[in-house]
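Chemist: Those protein sequences? They're chains A and B, same order as listed. The first sequence maps to residues 1 to 343 in UniProt numbering. The second sequence maps to residues 1 to 672 in UniProt numbering.
Worth double-checking, as some hints may not be accurate.
Claimed, not checked - SDA-like cross-link-like pairs, simulated, lysine to any residue; straight-line CA separation at most 25 angstroms: (1) B:Lys-199 - B:Glu-359; (2) B:Lys-199 - A:Asp-208; (3) A:Lys-34 - B:Asn-615; (4) A:Lys-34 - B:Arg-215; (5) A:Lys-34 - B:Gly-376; (6) A:Lys-215 - B:Gln-366; (7) B:Lys-513 - A:Asn-132; (8) A:Lys-34 - B:Glu-666.
These are computed hints drawn from the structure, not numbers from a lab. Fair warning: this is a prediction, and the values are worked out from it, not measured in the lab.
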Amino acid sequence: MTPVNLPDPEQLAVRIMRGERAAVASGLNLLDNKLAEARNRSASLLASLSGERWLNDGHLIGVTGPPGAGKSSLVSAMIREWRLSGRTVGVLAVDPSSRPELGGGALLGDRIRIKNSSHDEGLFIRSLANRNQLGGVATEVWPMSWLMLACFDIVVIETVGVGQTEIDIAEIGDTVCYVAQPASGDTIQYLKSGIIEIPDIFAVNKSDLGAPARKTASEIGRSASRQDRREDWDYPVCLVSATMNTGIKPFHDHFDRHRKFLANAGLLDKLRIRHQSAWVMRLLKEEFGTFGLELAGGQTQIGQRLSENRFNQFEEYERMRKHILSRFFFGKPTEQSNQKGAS
Amino acid sequence: MATARKNRDQPWLMRTYSGHSSARASNALYRTNLAKGQTGLSVAFDLPTQTGYDADSPLARGEVGKVGVPISSIEDMDQLFDQIPLDQMNTSMTINATAAWLLSLYIGLAQRRGIDPTRLSGTTQNDIIKEYLSRGTYIYPPGPSMRLIADTINYTVKHVPKWNPTNICSYHLQEAGATPVQELAYALCTAMAVLDRVKASGEIAPDAFPQVVERISFFVNAGIRFIEECCKLRAFGEMWDELTLSRYQVADPKLRRFRYGVQVNSLGLTEPQPENNVQRIVLEMMSVVLSKRARARAIQLPAWNEAMGLPRPWDQQWALRMQQVMAFETDLLEYDDILDGSPVIAAKVRELIEGAKREIENVEAQGGIIAAIESGYIKRELVGSHMNRLRAIESGDLKIIGVNCFQETAESPLTLGSDGAIMKTDPAAEREQIERLQAHRKNRNDADVRAALQGLSDAARSGENIMPSSIRCALAGVSTGEWGDSLRAVFGEFRPPTGIDIAIDSREVLGKKDRVTDLRTRVASTGNALGRPLKLLVGKPGLDGHSNGAEQVAVKARDVGFEVVYDGIRLTPQQIAQAAQEEGVHMVGLSILSGSHMELVESVLQELRLRDLANVPVIAGGIIPREDADKLLALGARAVYTPKDFNLNAIMEDMVDVIRECNGLERFALRP
Ligand code: B12
Ligand SMILES: Nc1nc2c(ncn2[C@@H]2O[C@H](COP(=O)(O)OP(=O)(O)OP(=O)(O)O)[C@@H](O)[C@H]2O)c(=O)[nH]1
Ligand SMILES: [Mg+2]
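Same shape as in the complex, but just chain A:
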């Protein structure tokens, strides 16, 4: 007997696409759930939600930067702008978990910074703990962000502070914004050492601090390496203050501009596919390690297969998973080993 009541995925998908908040909430709960039955239903939920829209609709935004730089405060300021222009916003805010031997608990503190006091039906915030997984985001964030893409115009992912952990920021959104802390050399170090890829938009927050913020902004402008940049995108560096609400409008406009740029350059769907593949790869790696990935044909082959199967990544993933499992249990045929899957 399973004590947990799990929703019917097809019905849920319909309600989510209608934007019903209760359905969004229970869909997110389902995607977070690790019980075997929940995983099956998650896969069907994602399959029911997937479609053309996932490749070229909405805007998926990643916000990253060192702890305390003002990521949440800035997201809050941007939400004001989006809501004023009538767009709905879903937010996934990730905070660090304590180490497993210390209980693995977490204080999810972004919400209080992002939400203003007024009631707003067009804003939905889910906080998540990173649960000690690699990178500044939990693996659950990927499917959750697609669920949100199905019903919100804008989806924002706030990562835990970079520097605490390595992160491949390009894999969290169409447009990635890096929020820098004035008078801290960290950002420059990360850029130079290549710990972070160059983000699409830089924000130097706390411009109300004056000179240190201006100095950091000009240093960033100079030290971002040029080679792996996309042509025709100018990688703006913005001086903003979330608390004084200054510089927000021009900063905000860069996001729409970048979204248009990606669409015009035909890059959006490619990024989305890369985004989806990143998740599949991550899951496989978490479960089976590098060796497992090799069993399934290696990174490049998997990536290739995923991008060919544009709308059915999740089924593809389940197939590969079962395939790898069957290889691990080689010689002991299970009901999984007769999947056509890879190979």
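Put chain B with the ligands on the given structure of chain A with help from the hints.
Modeler: Just chain B with the ligands, lined up with the frame of chain A:
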């Protein structure tokens, strides 16, 4: 037989912090208290008045007239002081974010009664800094709050010279867990920030500045470790003397005196065996009267039933009599300072001063108290200190008689009465206050009101002193909510850091097998059974600012493995239910100490049902009388905790079991 010496020192001012239901009921209470020998008034306002809302605002629901008197306009102020001569009274008002407004009402009333404001004497607490750290009735961001403090100081120094415009508070810091060193350091940092701000305003001529320094008084706490507390007050005196001389060049030593009032510690007063609180209160009072050199100017004492609910007039009378016995029966006031020359005392004072100086330097290096509040630093320090205190109580290292030791007790006759031994406020108070306010709105001249409010907004924007336009508002019949909202529109609102993001001390727990590690296993295995880690929403609905319990529950829950969402104080039931939904939590834990638990728990349950979340268990904690707890359980709350449940580990075990039960899992076996 010994007889009292003739030339005794004057006793301190004796007050009782009180106010409830309505201006009329509170006026009656004040007049009986004065007749009993009380020598000053100390007004407790209700939470809507303290946070700048009208009685008919949706945010005020359930809170009007509960923990203090509702004052919506000058008419209420008039009724509150009916037959009390303002020019002969010393009135202390515990009012902060709206201090400039309540002072304006008081001055306006004096003018209306033909009394010259220069003859008014009393105190507005008006320390908005500590509201962000402990007391919770802040409204505006720190910048505008500092400006409101400075405006009232600048105004009263010139026009109401006998008024104490601000009372820098360390009292509330101790109530939020602060150690003596922290109390010293943060109160003095606050005083510096206020004085610096007044100086920077340029409204005071340099040669008049020592008078401003002299007007700064303090409101401190005194806990049960009364020797140390006595030393803390001597330390305060020395540090203030030194600081006012070196930083503000006040030459006259009289103007450098540390003037303070006291409320003794209430955090340590217990729900079990409440009669023991009487000893505690008397011992705590010792520390602020014992040494003449550091004696309090004014004292108000809590009552024996502090942890049960609001005190009745008889309970307050008992507290007043404690002061009177101390002042009039003992020989305390016949001696010079009895601690001068004690090397033990001197060494302890040194130690406290050194500790406080280090912490002041630390805060100054972070850019001062405001920066250290905005960054969350000080709040984290306080939450950490309070956590240490609770852990010591849990482990038994800190003994609390009747709570974690000597629990055996005969039934107390004190708690037997049919009233539950607490004050019940008038349930009709809210409705009557709303009617009174709405009638008042019809009676005033709308054009005057509009013009006065315009003047207020203009002053707020231009930076001109807020007091003259506020007094015009008072006389025009503007309401408390209108004053508050006008300034909200200009200044904005603010939510300070919650301070719960403190680090877990890994040295203490690693490698141990104890109740906490056992709890972690329970939390983790329940999460596994349900498919995802247990997630808890800690919610503070209503205007209640008592955050200690919520903070400690949140910190402990994180330590045992919960993923915890806590968005701070003063949320509506609707906001809490919405957060529960968006966050997908397994449990909603509400903390309510202001007495509005019936209304608030019921609305949260209803808001959850509206969102298909009837199956998410709701538990509540706080000051909840037994009979109300039963009613809450009948309404659908799954558990109710009160201060007698001092062991947070036990609470957590119970919470895990509630979650299990609500999800069809077996409860864990009881601990042996
Ligand atoms: C400390 C304190 C304060 C501090 C609060 C500091 C802070 N940041 O929390 C200060 C000095 C600021 C303060 C101010 C006021 N206070 Co006060 N305060 C207290 C006091 C002394 C202790 C409360 C406390 O913190 N205890 C320690 C914590 C850890 O215990 P706790 O909250 O009870 O939590 C325990 C359990 O109840 C339970 N629990 C609580 N919440 C939750 C939640 C969950 C999910 C769970 C599982 C468990 C749980 O677990 C905890 C562990 O044991 C009580 C009296 C008393 N001794 O209880 C009065 C008391 C609560 N205060 C009172 C009042 C009236 C006020 C004021 C409103 C006065 C006024 N008119 O201005 C102000 C304004 C505050 C505001 N903004 O709302 C009244 C309330 C009366 C009523 N309910 O009818 C009380 C009862 C005193 C009294 N007898 O008059 N106060
Ligand atoms: N002076 C100033 N302070 C700011 C500004 N924006 C944010 N802050 C402060 O910086 C601190 C951190 O802000 P957050 O928005 O929580 O930062 P964050 O990057 O989301 O932090 P984490 O999620 O904990 O990594 C808070 O104390 C904010 O008040 C700004 O523009 N100016
Ligand atoms: Mg954040």
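Chemist: Each hint: holds or not?
Modeler: Verification of the hints:
1. B:Lys-199 - B:Glu-359: holds, 24 angstroms
2. B:Lys-199 - A:Asp-208: This hinted pair holds, its Cα atoms lying about 23 angstroms apart.
3. A:Lys-34 - B:Asn-615: It holds: about 21 angstroms lies between the C-alpha atoms, which stays within 25 angstroms.
4. A:Lys-34 - B:Arg-215: violated, 63 angstroms
5. A:Lys-34 - B:Gly-376: Cα-Cα ~35 angstroms, so violated.
6. A:Lys-215 - B:Gln-366: holds, 20 angstroms
7. B:Lys-513 - A:Asn-132: Satisfied, since the Cα-Cα distance of roughly 23 angstroms is no more than 25 angstroms.
8. A:Lys-34 - B:Glu-666: Distance ~20 angstroms between Lys-34 of chain A and Glu-666 of chain B Cα, so the pair holds.
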